[in-house]
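Peer 1: The lines below spell out each chain.
Number of protein chains: 2
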Amino acid sequence: LASIRIGICQINPKVGDLEGNANLIVETARKAHSLGSQISVFPELALCGYPPEDLLLKPSFIRATREHLNEIAKSVPESVLLIGHPEEDGRLYNSASFTFGGEVFESYRKRLLPNYAVFDEQRYFVAANSPVKLFEICGVKVGVSICEDIWSPIGPALDEVRGGAELILNLNASPFSIGRRWQRAMMLSVRSSDLSTPIVYVNLVGGQDELVFDGGSMAFDQSGSLIVSVEAFVEKVEVVSIDLVGRGRKFQLDPRGLMSDLDPEIIKVVDNQPSLEVPSIYPSDQSSSNNNAALWTHPAPRFDLNWVDSLDNYDLGETLSALILGLRDYVNKNGFRSVVMGLSGGIDSSLCAAICTLALGKERTFGIAMPSRYNAGSSLDDAQILADNLGIAMNVVAISSLHQEFRGVLKGLLGSDPKGLTDENLQSRIRGVLLMAYSNATGAMVITTGNKSEIATGYSTLYGDSAGGFALIKDLPKLLVFRLCRYINEVAFGREVIPESVIIKPPSAELRPDQLDQDSLPPYEVLDPVLMALVERDMTTSQMVTSGFDPELVSEISTLIDRSEYKRRQGAPGVRVTPRAFGKDRRMPITNGFDQRRYGL
Amino acid sequence: LASIRIGICQINPKVGDLEGNANLIVETARKAHSLGSQISVFPELALCGYPPEDLLLKPSFIRATREHLNEIAKSVPESVLLIGHPEEDGRLYNSASFTFGGEVFESYRKRLLPNYAVFDEQRYFVAANSPVKLFEICGVKVGVSICEDIWSPIGPALDEVRGGAELILNLNASPFSIGRRWQRAMMLSVRSSDLSTPIVYVNLVGGQDELVFDGGSMAFDQSGSLIVSVEAFVEKVEVVSIDLVGRGRKFQLDPRGLMSDLDPEIIKVVDNQPSLEVPSIYPSDQSSSNNNAALWTHPAPRFDLNWVDSLDNYDLGETLSALILGLRDYVNKNGFRSVVMGLSGGIDSSLCAAICTLALGKERTFGIAMPSRYNAGSSLDDAQILADNLGIAMNVVAISSLHQEFRGVLKGLLGSDPKGLTDENLQSRIRGVLLMAYSNATGAMVITTGNKSEIATGYSTLYGDSAGGFALIKDLPKLLVFRLCRYINEVAFGREVIPESVIIKPPSAELRPDQLDQDSLPPYEVLDPVLMALVERDMTTSQMVTSGFDPELVSEISTLIDRSEYKRRQGAPGVRVTPRAFGKDRRMPITNGFDQRRYGL
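So the sequence lines, in the order shown, correspond to chains G and B.
Residues 708 to 1308, numbered by the numbering used here, are exactly what the first sequence covers, in order.
Residues 708 to 1308, numbered by the numbering used here, are exactly what the second sequence covers, in order.
What the hints contain is simulated information worked out from the structure, not anything from laboratory work.
Keep in mind that the hints are not guaranteed to be accurate.
If several chains are the same, the list does not tell them apart, and a pair holds so long as it fits within one copy or across any two.
Derived DSS-like pairs: lysine-lysine, alpha-carbon spacing no greater than 30 Å straight-line [to be verified]:
1) K957 with K840
2) K1126 with K975
3) K1291 with K1212
4) K1069 with K1126
5) K1118 with K1069
6) K1126 with K840
7) K943 with K848
8) K781 with K738
9) K1291 with K1274
10) K975 with K840
11) K840 with K738
12) K738 with K957
13) K1274 with K840
14) K975 with K957
15) K943 with K1291
Please model the complete structure; the sequences and the hints are all you need to start from.
Peer 2: Right, dumping it as structure tokens:
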């Protein structure tokens, strides 16, 4: 039985930093080579990072990627590399090229370009429509595919196998959402077994604005068994030995009549490589490590309306890892030295402070408590206990004098004392100004602490509590905030860092006497499923009523969601963790006259 | 010579308001019918408004559009209508359907889906790939095309003419940018002459978030002559009589060999209509009204680096019309009763106040002057003169006491007096809080007054002067601000409403003693061409240096642009007037390591 050793190079490039990324690729390639890799595979668009957005419209950017690709080839002539990069040839392609012996070989060009959810690839790239080609490396015929390509059962991998491919290499930039890894593993297992061909899936890792690429690269043998699953959320180089099945044998074993005799173009990359020292690789019979078992026993949640209840510690751990990586990369890649947030003694800011501490360390995390006349004394105590538990510095600044001064000035302007929402927002905005002043003076980035339930309903103050550079938990429904707090105490820290009193007290913005969230919103146990139905599921009013929801409530929440689109449009970016986040995932007009309550559909 | 009367129904629907739009279509169709229209043509996606964005992903939305389409057909059975609407048939199409006699006929489906600049149609629609079909109405064979379709010389209109079409109806939702109307007219003239076929171009009118659809519908005869050009920026119904050229004659006259014998599907809509009373239509020989001459003598600016200098009153008038319509529709369609803005006595806020007064009237426009210790006394005087000239109410609120109180509180927090940028931003944010409090208390929407040069370079305070619901002049480079102020005085008002002293004084944020914009930025005569080169033209550093720009300056401005992307991402929407606005038009990553200064390309 023939085999080949593939180096899975799960790297974390920075969008646009071509020089840094090229250096990272060279270093990683040398490491993989030293581990015995015969083909070192990098993620989709690894050279420029993903998604490069409108950088791709800059001719200088495209030309510079080519220069760096040529240099990489010359820097690592001893090793076969497969690298994702944008490629111009009259039109722009999302490509992957083999390099060896100082040369860059003819590329594979992506055929299926996703243009839905967070993806806009058809804005930039042309879908390739070229005849099948295979790459011959050490006598092995290799087919290449890029991300979306492998999600289609009739995509390029099928043609490549029909043309004689013995191995499919699949380059990815696939962003995290809860349960996504399991969906990928299911699909890849079926695909490799359908095609009777091993598939090596290499994913990007790292945070880029709202997206977190979780890595979690995998390899499957020709029967669909998981051979290796690389640790997620970290950079990693692993070399895996893949057993190959000859084409003749596949024809013999093809029960579904998939095989046919295509006659592909063969591009010979290298005949044979000098035999390599192989200090440490996966044995070819290692098809069930513990690591892999963990993946299989945690299927994706069903995302029914109460999906948060069904999450287990595996899901919560993944979610926390995504938040940590997304925050850390946003802070570090953008050159911030530290972060600061208002600590109210409430659950959202407490969760944010704990995640910041995990992501950046206690020395880079600062809190400011800004009590007003309406804050319970216990809130300040809770904030202080949290800060002490985390070991982070916290300042206390009372806002009463500022609030009083503003009320005086506004009385002159408005002709009467500010009241109701005007007065509530005022307090929130005073805090925003103080946090931003601290940010200006110290360079700390402000973390804004709103959760998805608030952001969906507009239960936040524009330029007040929504002010900040990164909205860390903007994609966590409130019920997930509760669950993640408990997980952080029980698992991540193994002790009570977020005080139990914070978790159990009724949520309040504390902007007027005895205010509770539930004065304005239904209880979160009721609200969150409604939001799930309206935002992620696009359920109609009548479907929801049939499912047992109160029509009044649905109507009210639906209006709140539509009316707060303008606030979301001015919101800070934050980590996407659900399959449909606000932002690029859900692009609604602000000016929007659609009133779905009218249509019993 | 046969002829047919086409009703150009240039309407202003509201995105999502299906019921309101359906009523508007019915009323307009009846009016066109009474004017003698034989076919009344509505714009692209007129029924749902454009662009509906992710409303298109809601099944209830799509089904409701169909219900309304059926109802419209029943409400106006006496008239042939052609209406743009989304259409589901397994997949989603951008369609146009004829209605007559209570029936909805088989649709035309758009073939060319734009997915560049502000367009994302491939996110929603499938491009139709069906055989050519024509619609027979009163014995005339009519070809339909939608917007982008007509921009291709080998698009569906060519096939339709080859198949025997005697007339092309083209439905549009084409957004304004300076000079765009002339480009459309040029293209349509060439297209109708190439095809020896009349083209009726019907465009949407109205503002939708950042876009303004300018209407300006047109009709061209078979020789490429403009027959009628409908007034831009207003709703309008015009009926135009189109002379038709028989297919045989076209074959005789076809010098370029375009004609061929396609055999299209013919869908018969109506044999003949009862003869109509025709009280007022364009005579068929009216091929050069004054209206039309104005369009032809104002070609689009060349958009070289000093393009603002080349604008004439026609261009400035169009720009002002777009700003007025964009603002008015944003305010009215979103249900705001009034607008408010800070009046500093500077040129940007003065221009905004003048535009608001033109768009909404003086009763709906409010100003607040918020002088600090650093404001020149003359600034407050200028603001008052402006308000008096416009006849709008202005309040004065000094911010010194608030500034002092904040400085005291921040000294406690920071350990020393806030200084530099911290102190400057503080003043700007205090003003933001006051404006937002006024907005909360009165329901007035805050207009934020930053121009494109500031927004490009990040010369603004997040949550300070950038706070607001609508960034009216965000797409006007500073040099265009100057020109538009003079135009407003000279033409729009015909008197000096914006004081000359405001226009000629050196721009300043007045946030520290003797501050001038030019302390931080190059003079706008130097800056604006650099921004044009970097933002709209994607010119490389070395191209710019070759063109005579200072390399240091280019490098510095390039860095400013990249570093302020995070501010733009939290900015309010505003009217697009240039061919490349910040926002959907230019989608850059925040986390962005590309340093184009390194690449001499």
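Peer 1: Take the hints in turn and mark each one as holding or not.
Peer 2: Results of checking the hints against the structure:
Within a single copy, K957 and K840 get their C-alpha atoms as close as 19 Å, which meets the 30 Å cut-off; across copies the closest is 47 Å, which misses it. In this homomeric assembly, K1126 and K975 never come within 30 Å of each other (Cα to Cα): the closest approach is 76 Å inside a single copy and 65 Å across copies. In the homo-oligomer, the alpha carbons of K1291 and K1212 never lie at most 30 Å apart, since the shortest distance is 34 Å inside one protomer and 42 Å across protomers. Proximity of K1069 and K1126 under a CA criterion of 30 Å is satisfied inter-copy only: 27 Å between copies versus 39 Å inside one chain copy.
Only between protomers do K1118 and K1069 lie at most 30 Å apart by alpha-carbon distance; the minimum there is 24 Å, versus 42 Å within a single protomer. Taking the closest pair of Cα atoms, K1126 and K840 never come within 30 Å of each other, the shortest separation being 71 Å inside a single copy and 64 Å across copies. Taking the closest pair of Cα atoms, K943 and K848 come within 30 Å of each other only inside a single copy of the chain (26 Å); across copies the shortest separation is 65 Å, beyond that limit. Taking CA atoms no more than 30 Å apart as the test, K781 paired with K738 passes inside one copy only; the shortest distance there is 16 Å, against 72 Å between copies.
In this assembly of identical chains, the alpha carbons of K1291 and K1274 lie at most 30 Å apart whether taken from the same copy (15 Å) or from different copies (17 Å). In this homomeric assembly, K975 and K840 come within 30 Å of each other (Cα to Cα) only inside a single copy, at 11 Å, whereas the closest approach across copies is 49 Å. With identical chains, the CA atoms of K840 and K738 are at most 30 Å apart within one copy only, with a shortest distance of 29 Å there and 61 Å across copies. In this assembly of identical chains, the alpha carbons of K738 and K957 never lie at most 30 Å apart, being 34 Å within a copy and 70 Å across copies at closest.
Taking the shortest alpha-carbon separations for K1274 and K840, neither the intra-copy value of 49 Å nor the inter-copy value of 45 Å comes in at or below 30 Å. With identical chains, the CA atoms of K975 and K957 are at most 30 Å apart within one copy only, with a shortest distance of 22 Å there and 55 Å across copies. For the identical chains of this complex, K943 and K1291 are intra-copy neighbours only, at 29 Å inside a copy versus 36 Å across copies, given an alpha-carbon limit of 30 Å.
Violated hints for the displayed structure, listed by number in ascending order: 2, 3, 6, 12 and 13.
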